[in-house]
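Listed in order, the protein sequences are those of chains A and B. Each number in this note's numbering corresponds to the 1-based position in the first sequence with 137 added. Take the second sequence: its position 67, counting from 1, is numbered 50 in this note's numbering, and each next residue is one higher.
Keep in mind that the hints were calculated from the coordinates and are not lab data. Do not take every clue at face value.
Computed beta-carbon distance windows for the label pairs [said to hold, decoys possible]:
(1) B:P129 with A:P414: 44 to 52 Å
(2) B:D20 with A:R272: 31 to 39 Å
(3) A:G255 with B:F48: 42 to 50 Å
Which stretches of chain A does chain B cover? Using the computed rule of at least three CB atoms under 8 Å from a CB of chain B, they are [as the list claims (entries may be wrong)]:
(4) 301 to 314
(5) 360 to 370
(6) 388 to 400
Cβ coordinates follow ideal geometry from the N, Cα and C atoms, glycine included.
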Amino acid sequence: MNEITQKMRETARGLLNSGQVALVLGWEKGYPWYKSAPAFIDRGEDVDRLVFDEFCHNNLSKYLLDLVAVEGRIALFVKGCDSRGINRLIQDNQVKREQLYIIGIPCPGLKDPDDAAGKKQGDEIKDAAKCQDCRYPNPVVYDLLLGEKVPVAKRSSETQALIERLEKMKPDERYEFWAEQFSRCLRCYACRNICPACNCRECVFDRATPEWLGKANNLIENQFMHLTRAIHVAGRCIECGECERACPVNIPLMALNRKLINDIEELFGEEPAGLDPEKKTPLGRFELDDPEKFM
Amino acid sequence: MSIETNLNVEQQGTGPQAWEPKILVFACNWCTYAGADLAGLSRLQYPPNIRILRVPCSGRVNPQFVIRAFQKGLDGVLVAGCHPGDCHYSTGNYFTRRRYLLTKRLLEYMGIDPQRFQVRWISGSEGPKFQQVVTQLVEEIKAMGPNRKMRDQE
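Given these sequences and hints, build the entire structure.
Structure follows, in structure tokens:
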């Protein structure tokens, strides 16, 4: 059992037993060994289920949307990316900061569960795509920090490499690439459901009047759904990479999200989402001297 | 939706000679629509390949409209509104500017040719500019041929 896990359990036990919080969100060991599932703990004696290992992928901030009815404070463990998710939800008035007790974990980087699937415990496993060039491994908002802050390593990622490869392609090749990806989509909406930037009370994809998105599962509707999703999370995506991990057919969604993040930074000079809970999102504000490259 | 149904009607004819581009223009009520009106009143000639759709403000145009337009058979889309600073609603077109800079990048990243989707500022007094923008757009799209990407197959 690692040091962080030990500290997590002690902290959670203290918080629950003293009645400071009503619920603790963390992770517990799942099955098989390369999965760690979210854990919802409301009794002091259950805290020994909590773990932190290199497979604690779930961004727990999303669950806060389902827990609005909980009376009392909610404690949750966050990695760097997850903490930005909390800022996003505060920005959208979805949660109140006072209701949360945020326990930050400086994240050493997680491993790819898909890569681990065929391997034995202890084998060399590659880093998860989202962690390869993580810019904020340390939580940006917390009440308590477990452990020492970790340095930010400048590394290259598979996602960025894919974006660069796509940008060099001819338009027709790019179109073929994305058409192939989107034609595999099952429209299970896992990418939306797991996304902390997707917090509309009624999603545009679920609306029947007007029916923005048809029910048929074909390339056209899938393209419409994915482009709409990308535009809707533009400037709000916190790069937690959950959409890509949740996707059952492995569509490289982060290559879409990350591209828009790059563009927003390049065009408007906006900082990444989820750093400042007070600021408006890049598409929800403007500057008088924004570029006008299309004129 | 009735607009989609009308746009979905395939143009008649055979061979590349018979093909004429179909272009959708989202025109803001206060500037571009007045500009188009002025172009008409001044008897300025421009190709009849455009369909004007009047919107209250260029900020009303949702990127989903643009995606759907391509899917329903349009060969080009133009979003046009007031110049920055002239918006009837003070700030609408500033949002348009940010939104469509990004949408344009996204559509290019998806493999749509950048000429097919354009954004322009055309004021109520710029009838000749409307004529010139539309003429140029139609010429460019004619040279490129029909849009085969993102087309609905039904």
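* Asked: Holds or violated: 42 to 50 Å for the Cβ distance of A:G255 and B:F48?
  -> holds (45 Å)
* To do: Examine the stretch 360 to 370 of chain A for residues whose CB is less than 8 Å from any CB of chain B, and state whether their number is three or more.
  => It holds: at least three residues are needed, and the stretch 360 to 370 of chain A offers 6 whose Cβ sits within less than 8 Å of chain B.
* For the range 31 to 39 Å, tell me whether the beta carbons of B:D20 and A:R272 fit it or not. => violated (50 Å)
* Regarding B:P129 and A:P414, is the given constraint of 44 to 52 Å on their beta-carbon distance met? -> Distance hint for B:P129, A:P414 holds at roughly 48 Å.
* To do: Check, residue by residue, whether the stretch 388 to 400 of chain A contains three or more positions whose beta-carbon lies closer than 8 Å to a beta-carbon of chain B, and give the verdict.
  => holds (count 4)
* Asked: Per the coverage rule (Cβ-Cβ under 8 Å, at least three residues), is the stretch 301 to 314 of chain A covered by chain B?
  -> holds (count 9)
Figure legend: structure checked against the earlier numbered hints; the only hint not met is number 2.
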